[in-house]
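Asker: Protein chains in written order, with the numbering used here: chain A, 197 to 892; chain B, 4 to 71.
Note that these hints are calculated values from the structure, not bench results. Misleading hints may appear alongside valid ones.
[To be verified] Which chain B residues stay away from chain A? Per the calculated CB distances, all over 12 Å, these:
(1) Met4
(2) His25
(3) Ala34
(4) Ser42
(5) Lys44
(6) Glu71
[Said to hold, decoys possible] Capping the alpha-carbon separation at 25 Å, the derived lysine-lysine pairs in BS3-like fashion look like this:
(7) B:Lys30 - A:Lys457
(8) B:Lys30 - A:Lys413
(9) B:Lys11 - A:Lys386
(10) A:Lys810 - B:Lys7
(11) A:Lys668 - B:Lys11
[To be verified] What follows is a set of in silico ranges between Cβ atoms, one per label pair, in the way DEER data are often shown:
(12) B:Ile41 - A:Arg854: 31 to 41 Å
(13) B:Ala16 - A:Thr670: 18 to 28 Å
(14) A:Pro640 - B:Ala16: 49 to 59 Å
(15) B:Ala16 - A:Glu725: 14 to 24 Å
(16) B:Ile41 - A:Pro674: 25 to 35 Å
(17) B:Glu65 - A:Thr836: 41 to 51 Å
(18) B:Glu65 - A:Asn671: 42 to 52 Å
(19) A:Asn733 - B:Ala16: 40 to 50 Å
(20) A:Glu258 - B:Glu65: 55 to 65 Å
(21) B:Glu65 - A:Arg280: 28 to 38 Å
Don't be surprised by glycine CBs; every beta carbon is placed ideally from N, CA and C.
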Amino acid sequence: MEKYALIVTEKPEAARRIAQALDKEGKPEKVEEKGVPYFNAFRDRKLVVVPALGHLYTVVHEMGGRNYYPVFSFKWAPRYLAERGAKNIRTWLEVISGLAGGAEEFIDACDYDIEGSLIGYCVLKYACQNKENNAKRMKFSTLMKSELEKAYDELLPRLDFGLIEAGKTRHEVDWLYGINLSRALTLAAKRWSGRYATLSTGRVQGPTLKFLVEREKEILCFVPTPYWTIKAEAEIKDSIYEAEYEKERIERKADADAVVKACEGKTGEIKNVDIKKFRQMPPFPFDVGSLQIEAYRLFGYTPRGTLNIAERLYLEALISYPRTSSQKLPPVIDYKAILTGLSKDSSYRGSALTLLGKGELKPNEGKKADPAHPAVYPTGNLPERPLSDPEKRIFDLVVKRFLAVFGEPAVKESMRVNIEVNGHLFYLHGRQILKAGWMRFYEPYIKTEEVLLPPLKEGETIRLRHVIREDKFTNPPPRYNPSSLLKKMEEEGIGTKATRADIVETLYGRGYIAEQRIFVTSLGFDVTEILGNYCPNVIAVELTRELEEKMEQIQNKSEKRGSVLVEAVDRLKPIMEDFKEMEQAIGEALSNAIKRARMQERIIGECPNCGTGKLLILYSRKTGKRFIGCTSFFKGICKTSFPLPQRGTVKPARRNCRACEWPLLDVRIKGKRPWALCFNPLCPLKEERKREVQNL
Amino acid sequence: MKCKICDKEAVGAYCEAHEKAHTNLVKEYNAWKKALEISWKEYLSEVAKNPYTGSWVKEVAEHLIKSE
Numbered sequence: 197m198e199k200y201a202l203i204v205t206e207k208p209e210a211a212r213r214i215a216q217a218l219d220k221e222g223k224p225e226k227v228e229e230k231g232v233p234y235f236n237a238f239r240d241r242k243l244v245v246v247p248a249l250g251h252l253y254t255v256v257h258e259m260g261g262r263n264y265y266p267v268f269s270f271k272w273a274p275r276y277l278a279e280r281g282a283k284n285i286r287t288w289l290e291v292i293s294g295l296a297g298g299a300e301e302f303i304d305a306c307d308y309d310i311e312g313s314l315i316g317y318c319v320l321k322y323a324c325q326n327k328e329n330n331a332k333r334m335k336f337s338t339l340m341k342s343e344l345e346k347a348y349d350e351l352l353p354r355l356d357f358g359l360i361e362a363g364k365t366r367h368e369v370d371w372l373y374g375i376n377l378s379r380a381l382t383l384a385a386k387r388w389s390g391r392y393a394t395l396s397t398g399r400v401q402g403p404t405l406k407f408l409v410e411r412e413k414e415i416l417c418f419v420p421t422p423y424w425t426i427k428a429e430a431e432i433k434d435s436i437y438e439a440e441y442e443k444e445r446i447e448r449k450a451d452a453d454a455v456v457k458a459c460e461g462k463t464g465e466i467k468n469v470d471i472k473k474f475r476q477m478p479p480f481p482f483d484v485g486s487l488q489i490e491a492y493r494l495f496g497y498t499p500r501g502t503l504n505i506a507e508r509l510y511l512e513a514l515i516s517y518p519r520t521s522s523q524k525l526p527p528v529i530d531y532k533a534i535l536t537g538l539s540k541d542s543s544y545r546g547s548a549l550t551l552l553g554k555g556e557l558k559p560n561e562g563k564k565a566d567p568a569h570p571a572v573y574p575t576g577n578l579p580e581r582p583l584s585d586p587e588k589r590i591f592d593l594v595v596k597r598f599l600a601v602f603g604e605p606a607v608k609e610s611m612r613v614n615i616e617v618n619g620h621l622f623y624l625h626g627r628q629i630l631k632a633g634w635m636r637f638y639e640p641y642i643k644t645e646e647v648l649l650p651p652l653k654e655g656e657t658i659r660l661r662h663v664i665r666e667d668k669f670t671n672p673p674p675r676y677n678p679s680s681l682l683k684k685m686e687e688e689g690i691g692t693k694a695t696r697a698d699i700v701e702t703l704y705g706r707g708y709i710a711e712q713r714i715f716v717t718s719l720g721f722d723v724t725e726i727l728g729n730y731c732p733n734v735i736a737v738e739l740t741r742e743l744e745e746k747m748e749q750i751q752n753k754s755e756k757r758g759s760v761l762v763e764a765v766d767r768l769k770p771i772m773e774d775f776k777e778m779e780q781a782i783g784e785a786l787s788n789a790i791k792r793a794r795m796q797e798r799i800i801g802e803c804p805n806c807g808t809g810k811l812l813i814l815y816s817r818k819t820g821k822r823f824i825g826c827t828s829f830f831k832g833i834c835k836t837s838f839p840l841p842q843r844g845t846v847k848p849a850r851r852n853c854r855a856c857e858w859p860l861l862d863v864r865i866k867g868k869r870p871w872a873l874c875f876n877p878l879c880p881l882k883e884e885r886k887r888e889v890q891n892l
Numbered sequence: 004m005k006c007k008i009c010d011k012e013a014v015g016a017y018c019e020a021h022e023k024a025h026t027n028l029v030k031e032y033n034a035w036k037k038a039l040e041i042s043w044k045e046y047l048s049e050v051a052k053n054p055y056t057g058s059w060v061k062e063v064a065e066h067l068i069k070s071e
């Protein structure tokens, strides 16, 4: 049988792209064995390109069993042994092993980063029977034909063991922390209450939840203080302009009233006119974090959602590899070729041709670099299929950011006119863009509000038609959202660009946090408090950050996997010993927390009839049916009750009906679109809808 | 001893959370007094109905209004 080179990729779509790029005629043969696709391609020799499905191997407990802790012995094993939903992995590995038998050379073509390198390594080591030491490596940042051909022609002679060791260590350390702490929490609660509830924490999860709890506490303990601002309507040549008082904040109401009294209807004199011109440099190219933040700001997409979309665009060779921390675009990516490619689309033609007409193309780069990949950029390819709306938006954003970074600086002018009125100063502000520069390439993602003032000179008089006192209060610190939380994690140096978005999703999944403007649930609060009381190291940012730095050092080969693992275990052991000693107390506290959280989940809001009780989702003892009842019923005060749908799930929506202000419920029934239910039988919206139906 | 508001373990008159809220409530009275020349009672009712007030502070303010 003809021998071949076996190329391992991270995902099926990448396998298809790579096979297509490397096949002499661009038409590789697709084969499917037991549902696993792979491709036969012919170049200088026969190539078989087989995909993984992301991670096929994972860290598992060497001894097995679930109901005890601590556990420190582990091994790498196929995912189907550890996860219930991963049965197809067994077939997948059988097919890869079968193909490995006929191969004479092995090439790892997984994404060039920690996770990709680890995926390729595990497949080569375990599924291909220890081929990791003589395998070669393809290194690329896009799935463009030219780049893939170059990566194949210039194969790296060996795998990047620095990345692999760093990846292995990260998975092993995270497993050690995750399995021990989560198991300890779950078992402590179960042993106390006899009821099972999944609780979890981890090396990054714990400190991240702590940030959120700290912010929540600040908000819950916040006392607003009053202050006042003053605005004036300045009359200039039959037009009205808004002027601001010199002090941004006045602490006493009496002082604010005195200013209003002294200036209302009075004429002032222009004391001076300050005009400043300044340049605004183009933005930096996107690294994964800034792309996620911008996509959240503009479209409200979660970091995880943005990453998923960007990965799809990468697999279709529309953009470069998105999991990068680089803000640099090296010339080797060929700016001109990309712009020429983009100019084939009418919506980018104008901008691309303008930039191509410039003499030299120099991107405005940021400081952050990534040894494996450049910043995110469009490949110059245009979509071959109609993109979904979110894909279109992310693609457009990446393209426009790429165009903008090559633009000229924008030139802006600001003008401040100081008007003295009866001993008080007011400011008129003007803003104008003199030269849009890069900003026109980045539209509509940059908003420019201009305020044009008429020509004004020192000594001119201006009448303040109205002087208005505005009553204000200081605001609590803002809640985190998924995007600002990601930024905070990055600033604190915890997690990696690849894992942060998943950690945030896990916190939502566990019911520790809720909503886009994140609030911590009572369960999230209690778990953090319990951990803080009994094992504070688990939620200490410093510990996580230190381990994070050590794992980075493994990548640079200045630290060894073995010593980091030993250190991680040394730190974890006393934590687990303390936990074990206090398991009963922790179990009791956790059980109470779960009970409170379950009760909290059923509370809908204040009872609109008695005003003293709370409305709860209850179940009838007689019929088992669910309904809404008032807690004051048990005190004999209130008999309020409302029926509920009996199918699907019903949860308090934590928002009120726009018509009657009663609390809403989220109802989900399989096969139906979820809806918000207002249970007020007299809600005006219901009447309105009835009338609409009648009119039809 | 139990917290007067939520029945959790108290560190003084209140649990840790309500104690912190109470400290903040007392601390900010000076700013309100200076700004509006209002009494402690008026301050409590203003804070209790302010939409920016944190829930723990609101609970303390409402408790103080009822008990004073």
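Asker: A separate judgement is required for each hint: does it hold in the structure or not?
Answerer: Hints, one by one, checked against the model:
no.: 1; hint: Met4; result: 18 Å, holds
no.: 2; hint: His25; result: 9 Å, violated
no.: 3; hint: Ala34; result: 4 Å, violated
no.: 4; hint: Ser42; result: 15 Å, holds
no.: 5; hint: Lys44; result: 16 Å, holds
no.: 6; hint: Glu71; result: 18 Å, holds
no.: 7; hint: B:Lys30 - A:Lys457; result: 32 Å, violated
no.: 8; hint: B:Lys30 - A:Lys413; result: 17 Å, holds
no.: 9; hint: B:Lys11 - A:Lys386; result: 22 Å, holds
no.: 10; hint: A:Lys810 - B:Lys7; result: 20 Å, holds
no.: 11; hint: A:Lys668 - B:Lys11; result: 35 Å, violated
no.: 12; hint: B:Ile41 - A:Arg854: 31 to 41 Å; result: 35 Å, holds
no.: 13; hint: B:Ala16 - A:Thr670: 18 to 28 Å; result: 26 Å, holds
no.: 14; hint: A:Pro640 - B:Ala16: 49 to 59 Å; result: 56 Å, holds
no.: 15; hint: B:Ala16 - A:Glu725: 14 to 24 Å; result: 20 Å, holds
no.: 16; hint: B:Ile41 - A:Pro674: 25 to 35 Å; result: 28 Å, holds
no.: 17; hint: B:Glu65 - A:Thr836: 41 to 51 Å; result: 23 Å, violated
no.: 18; hint: B:Glu65 - A:Asn671: 42 to 52 Å; result: 21 Å, violated
no.: 19; hint: A:Asn733 - B:Ala16: 40 to 50 Å; result: 31 Å, violated
no.: 20; hint: A:Glu258 - B:Glu65: 55 to 65 Å; result: 56 Å, holds
no.: 21; hint: B:Glu65 - A:Arg280: 28 to 38 Å; result: 49 Å, violated
In terms of the numbered hints stated before, the structure departs from hints 2, 3, 7, 11, 17, 18, 19, 21, listed from lowest to highest.
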